[in-house]
Amino acid sequence: MKNRALPPIGWFRAFESAARLLSFTAAADELALTQSAVSQQIRSLEVRFGCTLFVRKHRSIALTDEGRRLLPQVAEGISHLKAASAAFEPAADPGLLTIATSVSIAQWFLVPRLSAFIEQNKNVRVRIVTTVWPDEFVTSTADVQIRFGPVETASSSSKPLGSNRLALVASRALIGPQRKNKAATTLASLSSYPLIQAVGTSDTWLKYGEHVGEKTEKQAMIFVDSHGMSVDFARSGAGMTLASSLICAPCITQGSLVQLHSATMPAQDGYFIETLEGRHLAIAKKFTLWMRNEARQAESDAFS
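Residue numbers (the numbering used here): 25 to 328.
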């Protein structure tokens with residue numbers, strides 16, 4: 025009989041934290057997630073196990089019998105994993121700045137710019153830790169975090185990276201050499217182009233249509249899990265995409281992407297940068313300021 029895969033460890037972490045603190049909100053703060061993400065992960069674990077782990081009350085939660093039975097084993101397992109990980113953690117390096125960032129930011133923003141920061145700060149070495157989803161961030165080892173998530177749930181200690189707007193873009197190969205950037209158009213005139221949609225975000229083609237005042241029923245043909253991936257596919261000529269202005273800005277400046285519509289839309293999910301307390305606080309703050317300045321300049325070059 026084929027072994028069934030274990031549930032994701034993130035589900036167990038959410039359960040253990042919520043059970044220990046008896047609060048989804050407190051667990052979200054501890055894990056650097058949103059309350060809804062913690063709730064959803066625990067619900068996924070309950071569906072997987074076919075039982076209820078918490079009694080949800082109006083202002084509190086309590087463990088069920090099944091939850092009390094599961095907690096000691098999960099807590100012990102997480103404790104063992106932490107101990108095993110600690111044995112392999114590298115010693116603290118006073119000259120190493122660790123940046124936890126989304127893959128999209130690393131690929132499309134840091135790759136062409138990081139050498140300039142290092143040139144200006146010759147005694148600093150940089151370690152990049154890439155992630156896709158928020159619960160993959162390793163908060164204990166990072167000096168700077170660049171997260172992607174809902175604008176309304178961004179922490180008070182984080183700052184927007186760029187304008188957090190969306191632009192409709194496609195490759196020159198797809199639309200033809202005769203078309204100019206930001207040519208006046210309607211969404212209906214773009215109906216022949218395949219649509220690439222980044223999933224895991226609240227920002228959709230339909231909402232863009234509402235923003236520009238046009239009703240559209242066009243359906244996405246390709247679904248990807250990040251703005252960076254949507255830009256990759258758009259550059260290849262696979263279709264048009266509604267992408268973060270920060271991620272597609274370098275491609276617009278270089279000419280590999282064309283902005284199809286002059287209107288950009290405020291994003292409901294955006295990029296945020298946060299400096300964490302630690303021995304590298306001074307250089308981390310310097311890096312954060314540099315990144316925000318670079319983001320403003322990149323968008324200005326592409327969309328002004």
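FYI, nobody ran anything at the bench for these hints, they're computed from the structure. Check the hints yourself; a few may be wrong.
[Said to hold, decoys possible] No farther apart than 25 Å at their CA atoms in a straight line, the calculated lysine to any residue pairs in the SDA-like style are these:
{"no.": "1", "residue 1": "Lys239", "residue 2": "Arg189"}
{"no.": "2", "residue 1": "Lys81", "residue 2": "Ala108"}
{"no.": "3", "residue 1": "Lys81", "residue 2": "Ser63"}
{"no.": "4", "residue 1": "Lys81", "residue 2": "Ser103"}
{"no.": "5", "residue 1": "Lys183", "residue 2": "Val223"}
{"no.": "6", "residue 1": "Lys310", "residue 2": "Gly263"}
{"no.": "7", "residue 1": "Lys239", "residue 2": "Pro274"}
{"no.": "8", "residue 1": "Lys310", "residue 2": "Asp325"}
[Stated by the list, open to error] What follows is a set of in silico ranges between Cβ atoms, one per label pair, in the way DEER data are often shown:
{"no.": "9", "residue 1": "Asn145", "residue 2": "Glu90", "range": "25 to 31 Å"}
{"no.": "10", "residue 1": "Thr209", "residue 2": "Ser179", "range": "26 to 32 Å"}
{"no.": "11", "residue 1": "Arg92", "residue 2": "Val148", "range": "47 to 53 Å"}
{"no.": "12", "residue 1": "Asn145", "residue 2": "Ile246", "range": "45 to 51 Å"}
{"no.": "13", "residue 1": "Ser180", "residue 2": "Ala99", "range": "27 to 33 Å"}
{"no.": "14", "residue 1": "Ser180", "residue 2": "Arg83", "range": "29 to 35 Å"}
{"no.": "15", "residue 1": "Asp249", "residue 2": "Ala50", "range": "27 to 33 Å"}
{"no.": "16", "residue 1": "Asn317", "residue 2": "Lys81", "range": "44 to 50 Å"}
{"no.": "17", "residue 1": "Ser103", "residue 2": "Thr210", "range": "57 to 63 Å"}
We treat Cβ as the ideally placed atom computed from N, Cα and C, and that holds for glycine.
The hints, checked one at a time:
{"no.": "1", "hint": "Lys239 to Arg189", "verdict": "holds (20 Å)"}
{"no.": "2", "hint": "Lys81 to Ala108", "verdict": "violated (36 Å)"}
{"no.": "3", "hint": "Lys81 to Ser63", "verdict": "holds (13 Å)"}
{"no.": "4", "hint": "Lys81 to Ser103", "verdict": "violated (29 Å)"}
{"no.": "5", "hint": "Lys183 to Val223", "verdict": "holds (23 Å)"}
{"no.": "6", "hint": "Lys310 to Gly263", "verdict": "violated (38 Å)"}
{"no.": "7", "hint": "Lys239 to Pro274", "verdict": "violated (30 Å)"}
{"no.": "8", "hint": "Lys310 to Asp325", "verdict": "holds (23 Å)"}
{"no.": "9", "hint": "Asn145 to Glu90: 25 to 31 Å", "verdict": "violated (53 Å)"}
{"no.": "10", "hint": "Thr209 to Ser179: 26 to 32 Å", "verdict": "violated (38 Å)"}
{"no.": "11", "hint": "Arg92 to Val148: 47 to 53 Å", "verdict": "holds (48 Å)"}
{"no.": "12", "hint": "Asn145 to Ile246: 45 to 51 Å", "verdict": "violated (40 Å)"}
{"no.": "13", "hint": "Ser180 to Ala99: 27 to 33 Å", "verdict": "holds (30 Å)"}
{"no.": "14", "hint": "Ser180 to Arg83: 29 to 35 Å", "verdict": "violated (23 Å)"}
{"no.": "15", "hint": "Asp249 to Ala50: 27 to 33 Å", "verdict": "holds (29 Å)"}
{"no.": "16", "hint": "Asn317 to Lys81: 44 to 50 Å", "verdict": "holds (47 Å)"}
{"no.": "17", "hint": "Ser103 to Thr210: 57 to 63 Å", "verdict": "holds (59 Å)"}
Of the hints listed earlier, those the structure fails to meet are numbers 2, 4, 6, 7, 9, 10, 12 and 14, in rising order.
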